[in-house]
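Start from the sequences, fold in the hints, and give me the full structure.
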Amino acid sequence: MSDALKQEVLDYLRGHNTMTLATCASDVPWASTVFYASDDLRLYFLSAPESRHCQNLSGNSRVGVSEGHVVPKALPAPAHPFRSSSSAHRAYSAVTAACAAWNSADGDSSENLS
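This note's numbering puts the first residue of the sequence shown at 1, with every later residue one more than the last.
The set of hints was computed from the structure by calculation and includes no laboratory data.
Treat the hints with care, as some may be off.
What the hints assert, rightly or not - So the derived label-pair ranges between C-beta atoms look like this:
(1) F35 to S58: 19 to 27 Å
(2) D39 to A4: 14 to 22 Å
(3) S51 to S2: 21 to 29 Å
This structure is a prediction, so every number in the text was calculated from the model and none was measured.
Quick reminder that beta carbons are idealized off the backbone N, C-alpha and C, glycines included.
If you want it as structure tokens, here you go:
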């Protein structure tokens, strides 16, 4: 990917906060809209472990994601629970920074995110 294209993708990802997450279990597909935050080209989402998409991920880590009109086709990618505290911290930092930016853009600075 060229540097210019990567920068365009990163700018787009930083400017949005929802994606469609496609999972599958027992040959039954499932699509959910989830909030996400990005760190470079990594996308993080936080969700309840008992949600259907997380239950699906526990048996099949392959997912497809689509965000708006930038990605006309789902991009297959593996999804994994955090394997280390440093990975969890990086995701938490990305999510809290994204939430602060979204609140700032909406003019809502009253919510404490720490």
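Outcome of the hint check:
1. F35 to S58: 19 to 27 Å: holds (20 Å)
2. D39 to A4: 14 to 22 Å: holds (20 Å)
3. S51 to S2: 21 to 29 Å: violated (37 Å)
Hint check: a violation occurs at hint 3 only; the rest are consistent with the structure.
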